[in-house]
Amino acid sequence: MKASVKGIVINTFRESARNKMFYLLVFFGILFALSSKVVSFLTLGDAMKVLKDTGLAAINFFCVLIAIFTGINLVFKEIEKKTVFNILSKPVSRDEFIVGKFLGLALTMLTALGAMSAIFFVFVALSGGGFDWGILLYFCMLGLELLVIVAISLLFSSFTTPILSFIFTVSLYLIGHVMWTFNEFKALLRVPAWKALIQVLYYLLPNLDKFNIKNEVVLGTALNPWTMLFSILYALAYIAALLALTVLIFRKREFQ
Amino acid sequence: MRGRLLALLALSGLLLAAGMQQRYDSTINYFSERSAFVSLPAGKTLKALAFGYHNLAADLLFIWSIQFYSTYYISNRFDFLERVYDTITDITPQYKEPYVIGSLIMAMEARDIPMALRLLDKGSLRNPEEYMFDQEAGFYCYKYLKDYARAEQYYNRAAAKPGAPAFIKRMNAHLVYLRNDPKMAYQMWLDIYRHAGDILTKDSATNHLYQIKAEAELPQLQAKVAEFRAKFRRLPASLSELAVVGMIREVPRDFDGNEYVYDAQSGKVTAQRIFRWKKR
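Protein sequence lines, in the order shown, are assigned to chains A and B.
Under the working numbering, the first residue of the first sequence is numbered 1, with each subsequent residue one higher.
Under the working numbering, the first residue of the second sequence is numbered 257, with each subsequent residue one higher.
Bear in mind the hints are in silico, worked out from the structure with no lab data behind them.
Keep in mind it's a predicted model, so treat the numbers as computed, not measured.
Heads up, some of the hints might be wrong.
Distance ranges between label pairs, derived from CB positions [what the hints assert, rightly or not]:
1) B:296 - A:230: 31 to 41 Å
2) A:28 - B:454: 51 to 61 Å
3) B:324 - A:183: 32 to 42 Å
4) A:221 - B:507: 30 to 40 Å
5) A:221 - B:456: 47 to 57 Å
6) A:167 - B:297: 45 to 55 Å
7) A:125 - B:297: 51 to 61 Å
8) B:456 - A:236: 54 to 64 Å
These stretches of chain B come out as covered by chain A in the derived footprint (C-beta under 8 Å, 3 or more residues) [to be verified]:
9) 296-310
10) 348-362
Glycine included, each C-beta is placed from N, C-alpha and C at the ideal position.
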């Protein structure tokens, strides 16, 4: 990795990790994940299933919040505080700046996710669930989803305000989890043009539910390795596309 | 002075509020029927609205349902019972507990066995490898509907599934016996007896085989004794006398290989063991 990119990565990581909001969200993520034990007492039958469901959902939710909240400010803050001038006046291209920012934030995200998942993994084992390697697989897939969200928030952060970035990223996150309804919706439509539009949107918008393997992990149902492989490749391709788009927008942006 | 006035005002306010609360309570019967459901979207809709957290949504709805259906003073709590469990099971079709617990509430609390069977059928359809739903459904048919033929179908299906415990086969054989097909039941029990891997199964099979065999042979022997009495105007001294006069080829023995007990005074033929099961 180029020294200039490396510098941006480290600085972004430090900056994000110094943010109090980051620690607060990690803390609540862990707190909610551990409180899944209380929820599991209320059920009948398989309490471990409820414990895992609640814990994984809590970690998922708080990691997404971290990804969105840190991502939407990332580029905007640099422009707002005019620190971007200092960086770009050095031998750092705009492309490297964006890539460095993304990697720095990705590192922050994966650190937070790693901490939460390690604690929850041990917690499940201590609660009688044994070493459930499926949970780790889930966290890997969640990591990919978070990287996609980070790339989305970075894209919006490069050309709009944090509030709008937040709205756009959250919207895409929510839409990304109901993409499976698009196919059903398309089947209901009769006008070919509408069908085509839905089809385009289906491929254009991020399909995030493919990373959601909570059901399979918690219920112990078989996972298709091909589906997993395509999900991983999809994430990599989508992130590359988003980063390219972000770089494209950022290149044309004029700073005042 | 002003402070005291304010304190007095605060105290009067609190007392007045408490009085109002009391009056408010008197207008409401907290233990009467109530509309507990504002709206519950269909499972598919709720799954979409959960935005990837549908497992958690199903868990929360399931936990809520357990608490709600255990609140006995709400007399109309079963109004939407089937809808609630349909929703939960539509969100996560592989989540097994809601099928079992839901059908239990339907059968035991709401006393609606057909509803319980519908939920278990749905569970079996969505989880074809799981024997538990057919086993539960078979039990409800056997115990509450007394529909042995239907129970047998469920048990047959359950027994064919992977991991089905041995007692399902035993239950199935017993149901065949209950619906009055001793020949078939005998064959089924014989099969269980031959393949029994533990003492419990072998003992259970022995008891059933003993009873089925005895129930088939005792009336025949009793009829032969009566025939003997009609022909010779006396009771036979022993069962072997029936064979001597050619009424039977040989004296049958019970499943343990012992002779049946014959009372020469009364002419009654009985089994050595006590019968454990009664046909209803």
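Hints, verified against the model:
Between residue 296 (chain B) and residue 230 (chain A) the beta carbons are some 35 Å apart, a value that agrees with the proposed interval 31 to 41 Å. Separated by about 52 Å at the C-beta atoms, residue 28 (chain A) and residue 454 (chain B) satisfy the suggested range of 51 to 61 Å. Between residue 324 (chain B) and residue 183 (chain A) the beta carbon distance is about 35 Å. The supplied range of 32 to 42 Å therefore holds. In this structure the supplied range 30 to 40 Å is violated for residue 221 (chain A) paired with residue 507 (chain B), their Cβ-Cβ distance being about 60 Å.
The beta-carbon spacing between residue 221 (chain A) and residue 456 (chain B), approximately 33 Å, falls outside the hinted interval of 47 to 57 Å. For the pair residue 167 (chain A) and residue 297 (chain B), the beta carbons lie near 25 Å from each other, so the given range of 45 to 55 Å is not met. The supplied range of 51 to 61 Å is broken by residue 125 (chain A) and residue 297 (chain B), whose beta-carbon atoms lie about 37 Å from each other. The beta-carbon spacing between residue 456 (chain B) and residue 236 (chain A), approximately 57 Å, falls within the hinted interval of 54 to 64 Å.
Residues of the stretch 296-310 of chain B with a Cβ under 8 Å from some Cβ of chain A number 5, which satisfies the need for three, so the listed coverage holds. As drawn, the stretch 348-362 of chain B meets chain A at 7 residues by the rule of a beta-carbon pair under 8 Å; at three or more, the given contact holds.
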